[in-house]
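Q: Working from the sequences, and respecting the hints, build out all of it.
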Amino acid sequence: MKGESRLVSKGSGGRRSSDRGPRWLVIQASAVLESVATANYACYGRGGVPHYPVSQPAPPAPRPSPDGTTLCVELIVQDAQGTVRLACLDLDLKNLEHSARQIAWGAYDQARHLQVLWVWDFYRILSHVALRAAVPARDETPDATWKGTLDAIRAVTPGDEVRIEVRSACGDIHQSHTVEHKAVEWKPK
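Take the position in the sequence shown, starting the count at 1, then add 13; the result is the number in the numbering used here.
Check each hint, because a few of them may be wrong.
The calculated lysine-lysine pairs, modelled on DSS-like cross-linking and capped at a C-alpha distance of 25 Å, are [claimed, not checked]:
| hint | residue 1 | residue 2 |
| --- | --- | --- |
| 1 | Lys200 | Lys107 |
| 2 | Lys200 | Lys160 |
| 3 | Lys160 | Lys195 |
Keep in mind the hints are simulated off the structure, nothing from the lab.
A: Structure representation (structure tokens):
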């Protein structure tokens, strides 16, 4: 048909190529970084800022290893009135990147089919968060947890908030991000 792309390969089961591959519902937001607690965590890890008696010189600051470092967070998505849309209360984010300018954390919650990415951008003093919920294939039926996640992400509107909380000896991190756009569907190329 004219104007319609129908690229179908053998073995695709007759599906158009655009039907293959994962699709995601994505929300993202940025905010001014809670820089003191995040910088302390980046420099000193979970143990917090070391304190030494005045008479002893402080040893060099330990750098946490980027390999295997995790950050246990509470992630809450709520509307402007404070009603919780989605709550992940014990989510372990793995360190994906650690440099002088930024630290990237990520996790995939298998039960919710939810991917979380949180970036501390020390250069711009910003915090960025992205939530991606997997959209089921046409022949898949999501269970209640997955459906609840999709419903929550679809319901997000501008003005809603994504909160991430971390308890740490470096100082608790309370990072709020105001969502500016509704969720969009995205498919990697």
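Q: A separate judgement is required for each hint: does it hold in the structure or not?
A: Do the hints match the structure? See the list:
{"no.": "1", "hint": "Lys200 with Lys107", "verdict": "24 Å, holds"}
{"no.": "2", "hint": "Lys200 with Lys160", "verdict": "19 Å, holds"}
{"no.": "3", "hint": "Lys160 with Lys195", "verdict": "18 Å, holds"}
Checked against the numbered hints above, the structure violates none of them.
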